[in-house]
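Sequence lines, in order, name chains A and B. For what it's worth, the UniProt record's numbering labels the leading residue of the first sequence as 1, then goes sequentially. For what it's worth, the UniProt record's numbering labels the leading residue of the second sequence as 1, then goes sequentially.
A hint or two may mislead.
Stated by the list, open to error - Some, not all, of what chain B presents toward chain A, calculated at C-beta under 10 Å:
#, residue
1, V101
2, H110
3, G120
4, L131
5, E164
6, A258
7, W316
As the list claims (entries may be wrong) - With a straight-line cut-off of 25 Å between C-alpha atoms, the simulated SDA-like cross-links for lysine to any residue are:
#, chain 1, residue 1, chain 2, residue 2
8, A, K194, B, Y323
9, A, K51, A, E29
10, A, K51, B, G145
To be clear, the hints were calculated from the coordinates, so they are not data collected in a lab. C-beta: ideal position from N, C-alpha, C; glycine also.
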Amino acid sequence: MRELTFRDALNEALDEELGRDPDTFLMGEEVGAYNGAYKVSKGLLDKYGPKRVVDSPISELGFCGLGVGAAMMGLKPIIEVMTWNFAILAMDQIVNTAAKMRYMAAGELSCPIVFRGPNGAARSLGAQHSQWFEAQYAYFPGIKVIVPSTPADAKGLLKSAIRDPDPVVFMESETMYAWKGMVPEGEYTIPIGKGDIKREGTDCTIVAWGKALKIALDGAELLAKDGINCEVVDPRTIRPLDEEIIVNSVRKTGACVVFEEGWPYYNVGAQISDIVQRACFDVLDSPVIRVTGADVPMPYARTLEDAARPDPTSVVAGVKNALNVRS
Amino acid sequence: MAKPTYGLAEKLDKATLVNMYRQLVLLRKFEERCAQQYALQKIAGFCHLYIGQEAVAVGTEFGITPDDYVITAYRDHGQILTRGTPPGPVMAELFGKVTGVAKGKGGSMHLFDIPRNFYGGWGIVGGQIPLALGAAYSSKYREDGKVTVCYFGEAAVNQGAFHEALNMAALWKVPAIFICENNRYGMGTPIEVSSAVTQVHKRACAYDMPGVYADGKDTLAMYEAVKAAADRARAGEGPTLIEADTYRYRGHSMSDPAVYRTREEVDQERKLDPIPKMRDWILSKKAAKEAELDAIDEQIDKDVEESIRFAEESPWPPVSDLYEDIYVDPIRQHGDMK
Numbered sequence: 001m002r003e004l005t006f007r008d009a010l011n012e013a014l015d016e017e018l019g020r021d022p023d024t025f026l027m028g029e030e031v032g033a034y035n036g037a038y039k040v041s042k043g044l045l046d047k048y049g050p051k052r053v054v055d056s057p058i059s060e061l062g063f064c065g066l067g068v069g070a071a072m073m074g075l076k077p078i079i080e081v082m083t084w085n086f087a088i089l090a091m092d093q094i095v096n097t098a099a100k101m102r103y104m105a106a107g108e109l110s111c112p113i114v115f116r117g118p119n120g121a122a123r124s125l126g127a128q129h130s131q132w133f134e135a136q137y138a139y140f141p142g143i144k145v146i147v148p149s150t151p152a153d154a155k156g157l158l159k160s161a162i163r164d165p166d167p168v169v170f171m172e173s174e175t176m177y178a179w180k181g182m183v184p185e186g187e188y189t190i191p192i193g194k195g196d197i198k199r200e201g202t203d204c205t206i207v208a209w210g211k212a213l214k215i216a217l218d219g220a221e222l223l224a225k226d227g228i229n230c231e232v233v234d235p236r237t238i239r240p241l242d243e244e245i246i247v248n249s250v251r252k253t254g255a256c257v258v259f260e261e262g263w264p265y266y267n268v269g270a271q272i273s274d275i276v277q278r279a280c281f282d283v284l285d286s287p288v289i290r291v292t293g294a295d296v297p298m299p300y301a302r303t304l305e306d307a308a309r310p311d312p313t314s315v316v317a318g319v320k321n322a323l324n325v326r327s
Numbered sequence: 001m002a003k004p005t006y007g008l009a010e011k012l013d014k015a016t017l018v019n020m021y022r023q024l025v026l027l028r029k030f031e032e033r034c035a036q037q038y039a040l041q042k043i044a045g046f047c048h049l050y051i052g053q054e055a056v057a058v059g060t061e062f063g064i065t066p067d068d069y070v071i072t073a074y075r076d077h078g079q080i081l082t083r084g085t086p087p088g089p090v091m092a093e094l095f096g097k098v099t100g101v102a103k104g105k106g107g108s109m110h111l112f113d114i115p116r117n118f119y120g121g122w123g124i125v126g127g128q129i130p131l132a133l134g135a136a137y138s139s140k141y142r143e144d145g146k147v148t149v150c151y152f153g154e155a156a157v158n159q160g161a162f163h164e165a166l167n168m169a170a171l172w173k174v175p176a177i178f179i180c181e182n183n184r185y186g187m188g189t190p191i192e193v194s195s196a197v198t199q200v201h202k203r204a205c206a207y208d209m210p211g212v213y214a215d216g217k218d219t220l221a222m223y224e225a226v227k228a229a230a231d232r233a234r235a236g237e238g239p240t241l242i243e244a245d246t247y248r249y250r251g252h253s254m255s256d257p258a259v260y261r262t263r264e265e266v267d268q269e270r271k272l273d274p275i276p277k278m279r280d281w282i283l284s285k286k287a288a289k290e291a292e293l294d295a296i297d298e299q300i301d302k303d304v305e306e307s308i309r310f311a312e313e314s315p316w317p318p319v320s321d322l323y324e325d326i327y328v329d330p331i332r333q334h335g336d337m338k
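Extracted from the complex, chain B is given alone in its bound form (with noise of 0.2 Å):
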């Protein structure tokens, strides 16, 4: 296969490409330690992994600054490391411990990071997108510069959230980036049998606003298509509708073994898969030498690693804290009044 070509990408530093690799090897294998934790049955509830669209979230973060914010919906834990929080506070959230990012209140679905603008992790299909809409309101509000990322999947663009999200987010030309992860399936279903589009950017002409196909399964390529997008939003020029074209390795989630689609498709799929299509154009482009990005993988290895001590050792949440962060003063409980 021809290898592709990039325009802004060519101009990235070696040390952004190592990090970049850096980040969608860290995800990747704190994802499959994940799946080895749940069927120990450390980690509970819904478990929805990633694993396969790591470039879609490594290649937005680096389109964009620390500065901006990050909302998504329960496919949560790659968006929440590539902002830069560390992989113990997220494994022990998945293991409900004190120590995890929400204090073990949230879980896989609902994980937060506000210092580095990660705003969550929300449960239920397109809801994020209209909460999207507000974070990138406010920005135009404050005149702030600032610049919302949301991310959704494919089956979320049949909800009326994201219609009215993205009537209002052009109307008003906030700066907003929707990045639709295309993975081509919602649940079980094939977006063939639930989208009268397939193709999710079309959609964006029912806005006014761009709409851009990228390939999510190359870093480089998500990292242009965002970057641009950025600039755009910055520039006051309003949102733009990405769709990165990805797949999951995995099931819907931990309870799905995805019997919906075959072996032979997900061998075709892991064929253009985003870890070594980023090693080779490293090694290509001699950013870093074989030795030094195998060091990184047994480093991540460690890492993660750590993250599952840290996790299981950390203290479960005293039942004390129950009725605490209902409000933020907190009013009196029903039944106090004997």
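The shape of chain A in the complex, shown without the other chains (with noise of 0.2 Å):
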């Protein structure tokens, strides 16, 4: 083990599968010449020359769709975008040609093909660049959606992504690239849909994802100086969702939160929160509590911007409100 930060972590799994592999490509803006707007492919212009790592012209729709053409012929694309609010260009290709194609050709096609980079809010970028896009792609059957919360989770399961035979949106942070973590040496992969338990406890279950994660960690070690020992569960995969383990640790807590910075309507808690009601209905003493952001577009004035972000003390409220503690 050694320390490494998630954009080297994430580097990493890039390096090795173009190595692995002379079908993967990557493709994005900067993602070449200028070493990824985020870093994350530093290096791999020019290890693997132009042929591999290939700058592409600010155009979502077309070079999100060129490598969906691509993996239709076999190859395996690895898409940055630049971030996931820019991909809402491009959500044509994903959901409606990607996510479909082998249905609508009756297993006669597949897509092996992954669009990562940055989800969510980073700071005071205003509405139209804090955004999270989780639930809207893991809505539409035919794709799955990994939401990494550690450098080794990353590149464990972005090494999975690339190999997998199916579509995959990759979401990080951009947060969280400069995060470190403690990345196994050598060769492992993560398999997509096997969540991960981050803090074990038995008081209450948090299910969180991401960045959020680390939120939901801070939350939990506030709340176990109040003698309230929480399991904090990461799905690490929002599609496919590890729903057993979700569900094992609700029934050994007895209670549950599920908690993440984006937005409250039609999000994935409310399906997390729809699974854990069902499947555990004989052991909640309360209903599953949602913390999630205010439901506002995202403001700029730092003032509004840290009220409308959940953070810690927003876990700690919520979990005393899922065991009926008074705060």
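Assembly of the complex is requested from the two constituent chains, each provided in isolation within its own frame, with the hints serving as guidance.
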């Protein structure tokens, strides 16, 4: 094990997979000569050349569609979207083409492509650059959605995503790229669809993923000071979702909080809440509590932005609510 | 009207000319029966007929090879038949039967025949153009010598997908042929109402690629334009935009009575029909006798009749197919966890 940043862990995954499989190539805005807008692809152009690491024009619909077409022919493109905010322009190719290809062709076609890039809010970027998209993509049958929360998970899951025969949406977060974590040496992958217990506990289950996972862990530490011992479950992949690990945890703790930074309506937490209340109705003493960001476009001003984002104290309040404990 | 002069097409042998005629007649008769079967409610959903535009697909097919890739939009019956897919599985797909080319999961707009390099059959206007770019990109990547043909209507050129794809196709010199089937109407909207530039081939100058006008009612003219573009693509010289000047006799889809145009206009266009044009050429070249061509017509009537019988008698897809083919390896479906 050694300590790596999220960015370097992703870079290692790309490097290893580009080195392993000549059918893979990386394409996106600034991925080559600029070494990546967030430096995730640093050094890859020098190592693999312009055939394998391709700078695209600012044409999200076009180059995402190019990737889908190349994947249809059996190549394994890795398409970097500079942020998922911009990928809205390419949504037709991802959800109308990549996701539907196999079904409409009755199994005659596959689409082994990965779309990856940063998701969620950074700091003071305003409404059009601070949004969460995992629920949008997870809605569509035919795609897989991965939202890793640690550098080690990010590396192992990205390698699995690149090898996966189906289209995968892989969501990072721009504020996470400099985060450090222990990453195993050598070759390893993490299976898509397997969650992970990031903190063992007995009193309440907190489900969180991606950047929100760290906030959830910070909240759990605050709660521990009050004698409340939370279990933090990281599903790691949103579709397919490891329902079992969530349900088993809630059956152990008897309470559940789903925590995410995104908006409350029709989100991933709503889906998890539905699963938990059906599977664990007999053990729950209170409803599943959902803690989310404010239901507003993200404002710029620091005071407003802070008010719009949930933080560890929001997690604490959510858990106390689930346990019927007065704050 | 003076007979058109050809270069490459003059060298085609008799058998090829007769095959072209056979294809034209197959497309026409197949779709005339589609209209009838739609009226009988045997075919459901949207059904976009190609009648009038047959010369585009047939001329194109003879300008490329069976190894090349073809991708198109939802007006796709003609293109899949010209690739050599038998009419039975195509009709069965339109009927929604399990013997169809997509086992009843695709329908009229989503036909596929991967072994014959026919890659659909896509439902969003212009959405297949980046896909074709990617297919052509894969050929450049692999240096496999294949060319990708992408069909789209004239209304698709106002989509960003067209601009983005053609820019990258030219930038990276991929082996693609973009064929705009300019039938002058995007649903009910005439091109003059939707496009600042109505001569679509002129748009090619924005991408520094050749923009070629072709008579899309003339099979041989289409053949010549596509053959030249394919040779160019294979030589590594990049993509070509071909505007096929064509006309659809029917409405946009079966639900469109096409009242936005006059009977006179349609009658005028029918005088330029590609099938008698091809027939006259064959007879003038003595490539076949009238009786031989009549025999082809009769045989195709039987083939199309047989395709309807095949579709009619085929079973519906079993309900157990519902959750098949979503992912390569099936994943747990929502709700499995009780």
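Hint by hint, here is what the structure shows:
no., hint, result
1, V101, "holds (8 Å)"
2, H110, "holds (4 Å)"
3, G120, "holds (7 Å)"
4, L131, "holds (4 Å)"
5, E164, "holds (3 Å)"
6, A258, "violated (27 Å)"
7, W316, "violated (14 Å)"
8, A:K194 x B:Y323, "holds (21 Å)"
9, A:K51 x A:E29, "holds (15 Å)"
10, A:K51 x B:G145, "holds (17 Å)"
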